[in-house]
Structures are given as structure tokens and as C-alpha cells.
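Spelled out, the chains give:
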Amino acid sequence: MEMNQYMSMFIDESNDHLQALNENMLRLEQQPEDIGIVQIIFRSAHTLKGMSATMGFEDLASLTHEMENVLDLVRNEKLSMNGHIFDTLFKCLDALEAMVQDIIGGGTGKGEVDELVERLKGIVKGDTGAAASASGTSAPAKAAAALPASLVLDQYQLSILAQSIEGGHTAYFIEVRVREDCLLKAARAYMVFDVLERNGEVVKSYPSVQEIEQEQFDRGFSVYYITQTAEQTLHEQLSRVSEIESVTLNAVDKASLQEMEDNLRASEQSASAAKEAASAKAPATQAPAADKGAARPAAPAASGNAAPRTIRVDIERLDTLMNLFSEMLIDRVRLEQLAFEIRRNDLTETVEHMARVSADLQNIVLKLRMVPVDSVFNRFPRMVRDLAKSLDKKVDLVVVGAETELDRTVIDEIGDPLVHLIRNSVDHGVESIADRVALGKPETGTVVLRAFHSGNHVFIEIEDDGKGINRPKVLETAIKRGVVTPEEAKTLSDEEVNMLLFAPGFSTADKVSDISGRGVGLDVVKSKITSLGGNVTVLSTLGQGTKFSIQLPLTLSIIAAMLIKQGSEKYAFPLSSIVETGSLKRSDIRTLHGNRMIDYRQSIIPVISLAQLIDSPDYRDDDEIETEMLVIRKGDKLAAVLVDEFIGQSEIVLKPLGKYLTGVKGVVSGATILGDGQVALIVDPNAIIK
Amino acid sequence: MAEELKVIVFTLAQEEYGIEVDKVRTIERMLPITRVPKTPAFVKGVINLRGVVIPVIDLRGRFGLTESDYTENSRIIIVAANELEVGFIVDSANDVLDVSSDAIENPPEVVGGIKAKYLSGVAKIGENRLLILLNLSEVLNRSEIIQLEQFGE
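Listed in order, the protein sequences are those of chains A and B. Each residue of the first sequence is one higher than the last, beginning at 9 in the numbering used here. Each residue of the second sequence is one higher than the last, beginning at 331 in the numbering used here.
Next up, chain B with everything else stripped away, as it sits in the complex:
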């Protein structure tokens, strides 16, 4: 019996990605970001989300894609996982889809230049639409940013 999985669909460099709906707190338009010194480049800083200070990372930078200027369509997706609350800056976020677990396959080694460990699978939707599902706990892995920071010093 295949299970239905509800995912939020967002785009990043022309590719479509998905995050499970229950991991997403809210989706916000771009907000003023305060830079935090001595952090990796993909950490854009912190925002004030209704009284709570939340760190924001640029998902393009996190995956090693070239960062681009923010547009009208740019969004901050606030996700909560591993007891962390973090905002992801994405090119756009515009859809909620039901994905059948049957349609999800293991990720190939490299998808769109992103290391496979950040991905939990690839879902095939319709005839020619592919949705890359993120492995949030790996994306939010803090040991990696600490390593990155030490590397930078």
C-alpha cells in the first residue's frame, strides 16, 4: 500500500525540490537580514520572524551552486528539524504536491550538482517532471558548518 506524502515544492537553479510539509513552519517573502560575522558564506545572517531570531542560509550557497540576486519570487522557507529552526532562501516556492511513496526512488550519485547525501530521493511526477526530495537532517548538519568555519580560519 503506497503512502501519500505531502511536499512543498520550491525551485533552485531551474530544478524542482521538495520538503515534506510537516517539516515546514512557514514560507515568507524576503525579510531584512542581519549579517552575522565569522560564519560561512552561505549563512546569510538572522531574521526577525515575529519576535524570534532565526538564522537564514542560502540554499544555493549551501549546495555549492552559484548564488544569484534575490528577486520578487525569492522566498524564505522556515523549516524545523533536529530541534533546529532555520530559514532557507530559495528561488521560488509555489506548490504543494501529493507524492506517492511508490514514485520515490533512491537518488543517483549526483543530481544537479548536489551531493547525494543531502537528498533522500527523487520522485517522478507525471511524465517528465522530477522532484528532488531533501534530506533535511543532513542539510542542517551543524558539524559541517563548524568544520567549514575552522577551514576558513
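Okay, chain A solo, but in the shape it has when bound:
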């Protein structure tokens, strides 16, 4: 069979399932008693197993199979989760992820799973690591071994069966297996149930009727059933349903009912005993998590069901749509110009209407490219957990505003900088447990990852309640590393000191750990964020914590800009960096220390001649008495840029200059196509203000 066409689907879905597994495992770690979560995990693992087996990835399938065995025991309360099992399962997830990555990279998805498989098998056998107490539950399980565990009847159902048998009915335990190549399992199952319900009553089915309807069963299902129809007739009728492999009917008599009832009692007792044991253990291992866990119970569970209706679209198609739309936008501007020249009312009206429609269209097209930051955030809880464990710290990651949306291009790039910052917070920010206790802080540190919209920007903040930035220590290191001179150090403001963390070659960690502290982290973060058109700032209070705040543009593809004319050439300035436009008398320019400055609202700001910067061929500002000027901003620095003439504001579509010119450093960050088809260059204000 040709598998390639399914490959991308397989990769997408396995990534989804792995993510779901990770998230739910973390939730389960907080609430180890919640069997509902185990069910979800089990289902994900099961689907993953099915998919990988179909695609021929044996190792993936065998590992998930063993995981499933363990989870099966857990969800049937024959095994309760403990640290050993969690660790093993997390290791399994890592291995699965590595294998899926290998497949994405074109590999065969082979991995060293033998050891993990052995460990999982050990767990199934009852080797639950240090805490073997929970395995006591397996005793009653043996008695019920003849029946699938989940088919244990409750008291009520048992009594119904007993009464029916007394009343002259026959009770059966029916096992039905559908054929392996059956396409519509749910439909076949429905037909079986139809037959059953015409002849009697189904007392209990496993999986539940609902799950069967949704095709959430493997190849078989079983029911407890009461009827007056003869066994032979029933068997015949059931076998007549096509694509059914086998039907087994076992009559249930009073003796076996009694046995089941005894088992039920026994297992109830041991289950509650196990629960007690587990809850007794929980405070020891997860005391700090306990209060947190109670505080946020149902919310994530509820969100699982209401999945938005979506389709998967190839990213390239979206990009094409975006490109086509950009071209339409260019034509629209051109039409607007023509309509303005021709001055015919109906033409103007039509063009205006088109402008409105295309503005709406632009909104939708832009929204299509928006992705919730959750797709980046979702890997962090797991990362923080592992980090905290390896550092022997206790850290809670609180994610706020994961639904905030950002342009896909930004999302793709923002992951690594965030990893750096979060690692930094966990490693350098949050203190060790002993230090925290000594300071009277709670043992568990908190790292808040927060995303929100504000104006045309999205903010992402990483806030920890750790030790904060130590000014003298930062300065000492900065001086030692030659980032600043001792003289400069004295005059720096607190903010400037904080920003030293982002200086190249800076690291305050005394000890180099493999998590951070190689001094290559934060300066990379800063340059990445700047290249995305964003900005990063630090706020810190010594002893109380540090907050990194990243400001990012909503979108990178369409921006509002001010178009200006410079002789025969046209340039665009991003509106976001313009503070004010105005004019300036030549005589107001003063020269201070060789630099040209002007007075601007009680402060002195530098004057920059655009004509000089771009070597304008046919315009010089020297010989004008009064010049137009743009006041632009980079961070909190301002500068006045002298230009020839303003054309006006316009929405422009950012286009790259072409790869051939990307290595060229200069004042230009990109290009756009104007209404008349000409290319105008976009000035990069960050490059102008040094």
C-alpha cells in the first residue's frame, strides 16, 4: 500500500497524541486518583498504537502496547500510580517523541525500546518500584481473571441478574468479535445490539454503549444480557450480522453470580485500602502540589470535550492566499488612485465599496494565519517539570492566556527564545528548596507564563518569584567580562543594569549547569526577538522575583506605514515607530560636539539626514530653509529624520528584498510594492538610531 500520502497525517496526529499524553500525564501527576484522566491517556496511547502499527512502525507500536497494559491496570484500579510508574511513563513518552521525530526526519522510527518495555512489563507484573503496597489490589483481580476486568458488575446489576434468573429468564455473558477488516465497526455493533434488544435486555456492556457507538473499541465487545430466547436461536441471529467474526455465549448461573458478588466486595475493600495507601503517600511526595491540585480541578477536563471544529490546511496554501491577497491590495490602491484621477461618482463608490470588502477580507486572511500561543506553550509544563526535577527544585508553571493568538511566522520563531527565558527563570531565578524555606517563602517556586494582547502588540511575560536580579553581582560580572567599564557601571540605572543580562558573553551563574549558564543564552534571545520586530525588557525586585516581558508585533506581513518622497525616490517608514511628523527650520538645528541636535519637547534629540544615509542621488536637505521631519523612536530613544516630502499613510505589504540582498546591512529592512507598481523600500528605524 502506498503509505506516503498517510505519512503527514500520521505525523500530525501522533504529535497531537503525544502532546495530549504529555499534558494529561502532568495532570495525572497532580491528581493521581482521577481515573478519568487515565482513561484519556489510555485512549491516546491506544490510538497511537493503532496508527503506528498500521504504518508499520513496530517499535512505536510495541512500546505503546506495553504502556497501554500498565494504564489498563491503573484505570481498572488494580494498580495505583506512583513515582516509579510516572517516571517510566514519562521516559516512554520521551522515547516515543524521539521515534516520531526520527520518522519526521525521514528515518524508520526505530528506537531502543527494549529496556523500557521490560520496565513496563515489570510494572505490570507488580514490580512497582519502592512502593509495592498498591499491588495488593491484584489479589481479587485473579479471581475475576476469567472475565475482562472492566466487566465487573456493580451491586445493582448483580441483583437484576439474580432476580431475572429466579424469574425464569436466562442470563448470558456474550462476547462478540468483529472481523479485523471490518470498516464500520460501530455500525456492526449497532446491528448486534439491535438483535439483542429485540430479544431481551442488555444489563451491562463493555466498552459502554456510548463508546461503542463512537467506535472506541478494539475488535470486540462483551455484554451481560438477559433473555428468554434459546441460546441456539440467539447465536444464529447474532452470527447473521455480517463482518462478525465470532460470537460466544456463556450462560451465567447463580453460583457464578454469587462468586462475582464476593469478588466485588473484596475488590471494593482493597480498592479503598489502596486509595488510602495512595493518599497517605501523596502528601509525602506531592505535598506542595496538593493544594494547587485542588485549586484547579475541572477546568482542563471541560476544555477537552468542546474541541473547536477545524480542518487542517497546508501552510503553503495559506501563504499563497496571503500572496494573492497582497497583490489584490496593490491593485486596490492603484484603483483608488485612478478613481481619484477620473472623478466619476459611480466609479468612486464602487472602489470605496471594494476597499471596505477588502479590508474585511484582510482581517480574515490575517486571522487565518493566527495561531494560539498554546501551540508553543504546551511543551513548557513538561519542560519545567523535568528541569525542576533535575535541579532538585520545586517549581510550578502557571500558564495564563494560552489562547492569545499570534501570527504563525512569529509563533514558529518564538519557541526557542521562550525556552531560554523559562530555563533561565527556573535555573537562576527560583532558589533551591532550602534557600526558599530559609527566606520564609513557600517551598514551591512559581513561574508564571502569561500572554496577552495590547493594541497592535502581543506581550509574553515570564515571571518568577525567585531571588531577583542582584545589581552588585551583575555589575561585578559585567566588569569582569569587560561588558562595561567600572566608571560606566556607576552611572547605569537599574533598568540598564538589568539589560546587561542580554549583553553578549554574559552569565551570572557561578556554576555552569547543563541547563543554562553558558552565557550564550540571553543575548541570542534578544537578537531573535529584535529580528521579529519585538522588544524585551526586564523588571526585577531583589528577593521577590524577576519579570521578563517580550513585546511582539501581531503580524509581520501587512503594516501601516508613512510613505515619503526623497527626490525621485519613495520610501516607507513603519508607522509603529513614528512618534510625530512636523517641519523644522534649518536654523533650529544646533551643533553639539559635532553632532546635529534639535530641541524637541524639552529634550535634545539627534537630527539624522535621510538623504545622507541613503546617498540620495537627486535630493539634498542642506539647501532647504525649512525641512519636513519625522520623529522616530527606538525603545526610549528618539531621533528626528529629515525628509523631502510626505506622501501619506498607507497599508503596505511587506516583501522581502530577495535573498540575494539579505546579507547586505543597511538602513533598509524590506520592500513593498506601491499602487503604481513601483517598488518602495522600507526604512528600518532600528538601524537608524544607534
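Hints may contain errors.
Stated by the list, open to error - Derived DSBU-like pairs: lysine-lysine, alpha-carbon spacing no greater than 35 angstroms straight-line: (1) K447(B) - K667(A); (2) K667(A) - K642(A); (3) K402(A) - K555(A); (4) K593(A) - K368(B); (5) K498(A) - K642(A); (6) K262(A) - K133(A); (7) K353(B) - K667(A); (8) K667(A) - K368(B); (9) K667(A) - K336(B); (10) K99(A) - K129(A); (11) K555(A) - K488(A); (12) K536(A) - K368(B); (13) K536(A) - K353(B); (14) K578(A) - K593(A).
As the list claims (entries may be wrong) - Covered by chain A, according to a simulated footprint, are these stretches of chain B (three or more residues, beta-carbon under 8 angstroms): (15) 362-372; (16) 411-419.
If you're looking for bench data, these hints aren't it; they were derived computationally from the structure. For each residue, glycine too, the CB sits at the ideal point set by N, CA and C.
With chain A held as given, fit chain B onto it using these hints.
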């Protein structure tokens, strides 16, 4: 067994050059060019080619030949190689030829004043027609323009 190679033939200072046909996207008449500041002189700027911004270089300038005014015959050949799309301004482009790989020889050290590293070979066509084949990846080598730029500063 000799292979046939299809090449686009263009002229530059009275010499005939060839670029393999599969490297050429389109051939355009001269279009308005927007100057890009702070680039080497042979980078003439960027053009709008049906919605895509493409850098254009003057091939005369690139090879150190004297640049001349553009005429009716001047063309921009858009080539794509090394994941780059670049337009070459040439004196004229007017032919497609089949060249047998047997007829291609290694380039001599200097041909028409162009350094041999920009050339992949010289093809002899008919009795007295020589076609110089360009080594596109070398012509488009970006490290060189970055060096040039630093040199200019």
C-alpha cells in the same frame, strides 16, 4: 554519448554567453528599477516582477566590464539558482541553442576580461562562433558581495 544542453544565448559587450535553460525563469524587457542604498555598484536595485520583489544586477558591472546605457535591446534575464532569484541586465537576449556536451571545453584563464571562475566552459558552435557558458553559482556567490560591501566602507 554526447548530451544535448539547451542554453539561452545573450550578449554582453559583443561576446555571446549562454545560461542553461532550466536555470532561467523568464526574460523581461527593462522594468523600472528601485535603487537600494548601500549596495555594490553593480547591484542596480530591485524590480517588481508580478508581485515579487527581485534584485537586479548589471552583468557588465558584475564582471568588471564598463557599464553602458540601456537600449531597446537590453533585457533582464531572471535566473534561479542556489535558492536565489536574481535578474541579470544584459545587452540583448535573442536565441536558444542546443549545445552538444562534446563541444564544451574548459574555459581558458581569461575570456573577454572575465575571470575564469565565473565560467563553466566555452562551447564551439559551427565554424567560428564561441559561446561562453556561465557558472551561475559563482556569479551569484553572495559572500563576494558582502566582501565588496565591507571593502567599500
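Structure-based check of all given hints:
no.	hint	in the structure
1	K447(B) - K667(A)	holds, 22 angstroms
2	K667(A) - K642(A)	holds, 26 angstroms
3	K402(A) - K555(A)	holds, 19 angstroms
4	K593(A) - K368(B)	holds, 29 angstroms
5	K498(A) - K642(A)	holds, 24 angstroms
6	K262(A) - K133(A)	holds, 32 angstroms
7	K353(B) - K667(A)	holds, 16 angstroms
8	K667(A) - K368(B)	holds, 16 angstroms
9	K667(A) - K336(B)	holds, 27 angstroms
10	K99(A) - K129(A)	holds, 14 angstroms
11	K555(A) - K488(A)	holds, 25 angstroms
12	K536(A) - K368(B)	holds, 24 angstroms
13	K536(A) - K353(B)	holds, 34 angstroms
14	K578(A) - K593(A)	holds, 23 angstroms
15	362-372	holds (count 7)
16	411-419	holds (count 4)
Violation of the numbered hints given earlier is absent; every hint is satisfied by the structure.
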